[in-house]
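Residues 203 to 400 (the working numbering) make up the sequence shown, in order.
Mixed in with the good hints there might be a few duds.
[Said to hold, decoys possible] Straight-line alpha carbon distances no greater than 25 Å define the calculated DSS-like cross-link-like pairs of lysine-lysine that follow:
#1 Lys235 / Lys262
#2 Lys396 / Lys262
#3 Lys340 / Lys235
#4 Lys262 / Lys303
#5 Lys205 / Lys235
[Stated by the list, open to error] Cβ-Cβ distance ranges computed for the label pairs, FRET-style:
#6 Lys396 / Leu217: 19 to 29 Å
#7 Leu398 / Glu339: 13 to 23 Å
#8 Gly335 / Gln374: 10 to 20 Å
#9 Leu217 / Pro399: 15 to 25 Å
#10 Ala207 / Gly392: 45 to 55 Å
#11 Arg371 / Asp227: 16 to 26 Å
#12 Ala343 / Pro212: 41 to 51 Å
#13 Glu393 / Trp245: 43 to 53 Å
#14 Glu265 / Phe240: 18 to 28 Å
#15 Ser249 / Phe388: 39 to 49 Å
#16 Phe298 / Glu232: 43 to 53 Å
#17 Arg280 / Gln374: 40 to 50 Å
Derived from the structure by calculation, the hints contain no laboratory data.
Here the structure is a predicted model, which means the values were calculated and not measured.
Heads up, the beta-carbon is just placed ideally off N, CA and C, and yes, glycines get one too.
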Amino acid sequence: MEKPAPIQFPIHELLTRRWSPRAFDERLIEPEKMYSLFEAARWAPSSNNEQPWRFLFATKDQESEWNRLFGCLLEGNRIWAYRAPVLILSVASLNFEDSAKPNRHALHDTGMAMENLVLQATALELVAHQMAGFDAEKARADLKIPSGYEPVAMIAIGYPGDPNILPDRLRQREQALRERNGISTFVFAGEWGKPLPL
203 MEKPAPIQFP IHELLTRRWS PRAFDERLIE PEKMYSLFEA ARWAPSSNNE
253 QPWRFLFATK DQESEWNRLF GCLLEGNRIW AYRAPVLILS VASLNFEDSA
303 KPNRHALHDT GMAMENLVLQ ATALELVAHQ MAGFDAEKAR ADLKIPSGYE
353 PVAMIAIGYP GDPNILPDRL RQREQALRER NGISTFVFAG EWGKPLPL
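Sequences are here, hints too, so could you generate the full structure?
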(Lines of atoms letter the chains of each structure in order from A; the text may use other names.)
(Lines give C-alpha, C1' and ligand atoms only; values in the text may rest on other atoms or scores of the structure.)
Protein backbone atom coordinates (compact mmCIF):
# COMPACT_ATOMS: atom_id res chain seq x y z
CA MET A 203 0.00 0.00 0.00
CA GLU A 204 1.44 3.35 -1.06
CA LYS A 205 0.51 6.44 0.92
CA PRO A 206 2.52 9.42 -0.38
CA ALA A 207 2.65 12.58 1.71
CA PRO A 208 0.43 15.46 0.53
CA ILE A 209 3.25 17.99 0.14
CA GLN A 210 3.01 21.79 -0.16
CA PHE A 211 6.44 22.24 -1.76
CA PRO A 212 8.54 19.86 -3.90
CA ILE A 213 10.67 17.32 -2.03
CA HIS A 214 12.43 14.12 -3.06
CA GLU A 215 10.07 11.29 -3.92
CA LEU A 216 11.80 9.04 -1.37
CA LEU A 217 10.68 11.41 1.39
CA THR A 218 7.08 11.51 0.19
CA ARG A 219 6.92 7.69 0.08
CA ARG A 220 8.32 7.14 3.60
CA TRP A 221 5.63 6.45 6.15
CA SER A 222 5.07 4.22 9.17
CA PRO A 223 2.52 1.50 8.47
CA ARG A 224 1.50 -1.22 10.90
CA ALA A 225 0.58 -3.86 8.32
CA PHE A 226 3.53 -6.13 7.56
CA ASP A 227 3.97 -9.13 5.33
CA GLU A 228 5.70 -11.87 7.32
CA ARG A 229 8.24 -12.87 4.66
CA LEU A 230 11.84 -12.48 5.71
CA ILE A 231 14.06 -9.69 4.44
CA GLU A 232 17.04 -10.76 2.35
CA PRO A 233 20.34 -10.46 4.26
CA GLU A 234 21.87 -8.15 1.65
CA LYS A 235 19.03 -5.69 2.19
CA MET A 236 19.62 -5.74 5.94
CA TYR A 237 23.29 -4.94 5.35
CA SER A 238 22.24 -2.04 3.11
CA LEU A 239 20.08 -0.63 5.91
CA PHE A 240 22.98 -0.66 8.35
CA GLU A 241 25.37 0.73 5.72
CA ALA A 242 23.00 3.67 5.25
CA ALA A 243 22.94 4.24 9.02
CA ARG A 244 26.74 4.05 9.09
CA TRP A 245 27.03 7.15 6.90
CA ALA A 246 24.74 9.41 8.92
CA PRO A 247 26.01 12.83 10.05
CA SER A 248 27.65 12.73 13.47
CA SER A 249 29.06 15.31 15.87
CA ASN A 250 32.87 14.98 15.91
CA ASN A 251 32.39 11.77 13.87
CA GLU A 252 31.56 10.03 17.17
CA GLN A 253 28.92 7.76 15.59
CA PRO A 254 27.09 7.13 18.91
CA TRP A 255 24.43 4.86 17.45
CA ARG A 256 24.21 1.17 18.25
CA PHE A 257 21.58 -1.29 17.02
CA LEU A 258 20.29 -4.50 18.58
CA PHE A 259 18.36 -6.44 15.96
CA ALA A 260 16.85 -9.82 15.29
CA THR A 261 15.03 -11.48 12.42
CA LYS A 262 12.02 -13.64 13.04
CA ASP A 263 13.95 -16.79 12.16
CA GLN A 264 16.19 -16.02 15.17
CA GLU A 265 13.32 -16.90 17.46
CA SER A 266 14.78 -16.35 20.94
CA GLU A 267 16.49 -13.05 19.98
CA TRP A 268 13.40 -11.74 18.17
CA ASN A 269 11.19 -12.71 21.13
CA ARG A 270 13.52 -10.89 23.52
CA LEU A 271 13.11 -7.67 21.53
CA PHE A 272 9.38 -8.24 21.05
CA GLY A 273 8.98 -8.77 24.78
CA CYS A 274 10.14 -5.20 25.40
CA LEU A 275 7.28 -3.71 23.36
CA LEU A 276 4.20 -2.33 25.07
CA GLU A 277 0.90 -4.05 24.33
CA GLY A 278 -0.32 -1.33 21.97
CA ASN A 279 2.55 -2.16 19.63
CA ARG A 280 2.52 -5.91 20.15
CA ILE A 281 -0.95 -6.24 18.60
CA TRP A 282 0.48 -5.42 15.17
CA ALA A 283 4.29 -5.74 15.40
CA TYR A 284 4.14 -9.53 15.87
CA ARG A 285 4.06 -9.87 12.08
CA ALA A 286 7.22 -7.80 11.48
CA PRO A 287 10.10 -10.01 10.32
CA VAL A 288 12.73 -7.66 11.77
CA LEU A 289 12.86 -5.78 15.06
CA ILE A 290 15.60 -3.30 15.91
CA LEU A 291 16.31 -1.29 19.04
CA SER A 292 18.37 1.86 18.54
CA VAL A 293 20.68 2.76 21.40
CA ALA A 294 22.78 5.90 21.90
CA SER A 295 26.22 6.04 23.50
CA LEU A 296 25.86 9.02 25.84
CA ASN A 297 29.55 9.90 26.29
CA PHE A 298 32.39 10.70 23.93
CA GLU A 299 34.78 7.76 23.68
CA ASP A 300 38.03 9.73 23.91
CA SER A 301 37.10 12.09 26.78
CA ALA A 302 34.18 10.30 28.50
CA LYS A 303 32.45 13.69 28.58
CA PRO A 304 28.69 13.78 27.89
CA ASN A 305 27.78 13.92 24.22
CA ARG A 306 24.73 16.17 24.19
CA HIS A 307 24.17 15.35 20.52
CA ALA A 308 24.08 11.57 20.95
CA LEU A 309 20.29 11.26 20.68
CA HIS A 310 20.18 13.65 17.73
CA ASP A 311 22.88 11.71 15.87
CA THR A 312 21.25 8.37 16.64
CA GLY A 313 18.04 9.78 15.18
CA MET A 314 19.97 10.82 12.06
CA ALA A 315 21.26 7.27 11.66
CA MET A 316 17.74 5.93 12.08
CA GLU A 317 16.43 8.29 9.41
CA ASN A 318 19.14 7.11 7.00
CA LEU A 319 18.14 3.52 7.76
CA VAL A 320 14.43 4.25 7.26
CA LEU A 321 14.97 6.06 3.97
CA GLN A 322 17.14 3.20 2.72
CA ALA A 323 14.33 0.83 3.68
CA THR A 324 11.92 2.91 1.60
CA ALA A 325 14.33 2.83 -1.35
CA LEU A 326 14.40 -0.99 -1.07
CA GLU A 327 10.57 -1.21 -1.14
CA LEU A 328 10.50 -2.05 2.56
CA VAL A 329 8.47 -0.30 5.25
CA ALA A 330 9.54 0.72 8.73
CA HIS A 331 7.64 1.80 11.81
CA GLN A 332 9.51 3.40 14.69
CA MET A 333 8.09 3.03 18.19
CA ALA A 334 8.46 4.90 21.44
CA GLY A 335 6.15 2.34 23.07
CA PHE A 336 8.61 -0.04 24.68
CA ASP A 337 9.92 -0.68 28.19
CA ALA A 338 13.40 0.86 28.28
CA GLU A 339 14.31 -0.66 31.65
CA LYS A 340 13.26 -4.13 30.51
CA ALA A 341 15.34 -3.59 27.37
CA ARG A 342 18.36 -2.62 29.50
CA ALA A 343 18.05 -5.78 31.56
CA ASP A 344 16.95 -8.33 28.94
CA LEU A 345 19.30 -7.11 26.21
CA LYS A 346 22.24 -6.48 28.58
CA ILE A 347 22.71 -2.83 27.63
CA PRO A 348 25.62 -1.39 29.66
CA SER A 349 25.54 1.86 31.61
CA GLY A 350 26.32 4.93 29.56
CA TYR A 351 24.01 3.79 26.77
CA GLU A 352 20.41 4.91 26.31
CA PRO A 353 17.70 2.85 24.55
CA VAL A 354 16.11 5.26 22.08
CA ALA A 355 13.45 3.63 19.87
CA MET A 356 12.23 0.29 18.59
CA ILE A 357 11.64 -0.17 14.91
CA ALA A 358 9.74 -2.83 12.98
CA ILE A 359 10.88 -3.44 9.39
CA GLY A 360 9.50 -5.62 6.65
CA TYR A 361 7.64 -5.79 3.38
CA PRO A 362 4.29 -4.00 3.25
CA GLY A 363 1.29 -6.08 4.24
CA ASP A 364 -2.46 -5.96 3.70
CA PRO A 365 -4.15 -3.39 6.00
CA ASN A 366 -7.14 -5.74 6.27
CA ILE A 367 -5.12 -7.94 8.65
CA LEU A 368 -5.24 -5.19 11.28
CA PRO A 369 -7.89 -4.71 13.97
CA ASP A 370 -10.59 -2.20 12.93
CA ARG A 371 -9.19 0.81 14.82
CA LEU A 372 -5.67 0.32 13.44
CA ARG A 373 -6.93 -0.39 9.94
CA GLN A 374 -8.79 2.95 9.97
CA ARG A 375 -5.60 4.72 11.07
CA GLU A 376 -3.65 2.90 8.37
CA GLN A 377 -6.01 4.08 5.67
CA ALA A 378 -6.56 7.63 6.96
CA LEU A 379 -5.10 10.60 5.14
CA ARG A 380 -1.63 11.65 6.26
CA GLU A 381 -1.47 15.01 8.04
CA ARG A 382 1.33 17.23 9.32
CA ASN A 383 1.55 20.71 10.84
CA GLY A 384 2.21 23.51 8.37
CA ILE A 385 5.75 24.87 8.01
CA SER A 386 4.77 28.18 9.62
CA THR A 387 4.00 26.40 12.91
CA PHE A 388 7.60 25.26 13.45
CA VAL A 389 9.87 27.53 11.38
CA PHE A 390 10.47 31.07 12.63
CA ALA A 391 12.23 33.95 10.85
CA GLY A 392 15.27 34.83 12.94
CA GLU A 393 13.58 34.89 16.34
CA TRP A 394 11.10 32.74 18.23
CA GLY A 395 7.51 33.20 17.10
CA LYS A 396 8.26 35.52 14.18
CA PRO A 397 6.27 34.15 11.22
CA LEU A 398 8.15 32.83 8.23
CA PRO A 399 7.29 34.90 5.13
CA LEU A 400 6.00 32.25 2.74
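How the hints compare with the structure:
Restraint check for lysine 235 and lysine 262: the C-alpha separation of about 15 Å stays at or below 25 Å, so the hint holds. The straight-line distance between the Cα atoms of lysine 396 and lysine 262 is roughly 49 Å, outside the 25 Å bound, and the hint therefore fails. This hinted pair does not check out: lysine 340 and lysine 235 have alpha carbons roughly 29 Å apart, beyond 25 Å. Distance restraint check for lysine 262 and lysine 303: the Cα-Cα separation of roughly 37 Å exceeds the 25 Å cut-off, and the hinted pair is therefore not satisfied.
With a C-alpha separation of about 22 Å, the suggested pairing of lysine 205 with lysine 235 holds against the 25 Å cut-off. Between lysine 396 and leucine 217 the CB atoms are about 27 Å apart, so this pair conforms to the stated range of 19 to 29 Å. Between leucine 398 and glutamate 339 the Cβ separation comes to about 41 Å, which falls outside the hinted range of 13 to 23 Å. In this structure the hint that glycine 335 and glutamine 374 lie 10 to 20 Å apart at CB holds, the actual value being about 19 Å.
Between leucine 217 and proline 399 the beta carbons are some 24 Å apart, a value that agrees with the proposed interval 15 to 25 Å. The hint said 45 to 55 Å for the Cβ distance between alanine 207 and glycine 392, and at roughly 28 Å that hint is violated. Between arginine 371 and aspartate 227 the beta carbons are some 21 Å apart, a value that agrees with the proposed interval 16 to 26 Å. Between alanine 343 and proline 212 the CB atoms are about 47 Å apart, so this pair conforms to the stated range of 41 to 51 Å.
With their beta carbons about 34 Å apart, glutamate 393 and tryptophan 245 fall outside the hinted range of 43 to 53 Å. Checked against the hint of 18 to 28 Å, the C-beta distance between glutamate 265 and phenylalanine 240 comes to roughly 21 Å, which is consistent with it. A beta carbon spacing of about 22 Å between serine 249 and phenylalanine 388 contradicts the range 39 to 49 Å that was offered as a hint. Restraint check, phenylalanine 298 to glutamate 232: a C-beta distance of roughly 36 Å breaks the suggested window 43 to 53 Å.
Under the hint 40 to 50 Å, the C-beta atoms of arginine 280 and glutamine 374, about 19 Å apart, miss the expected range.
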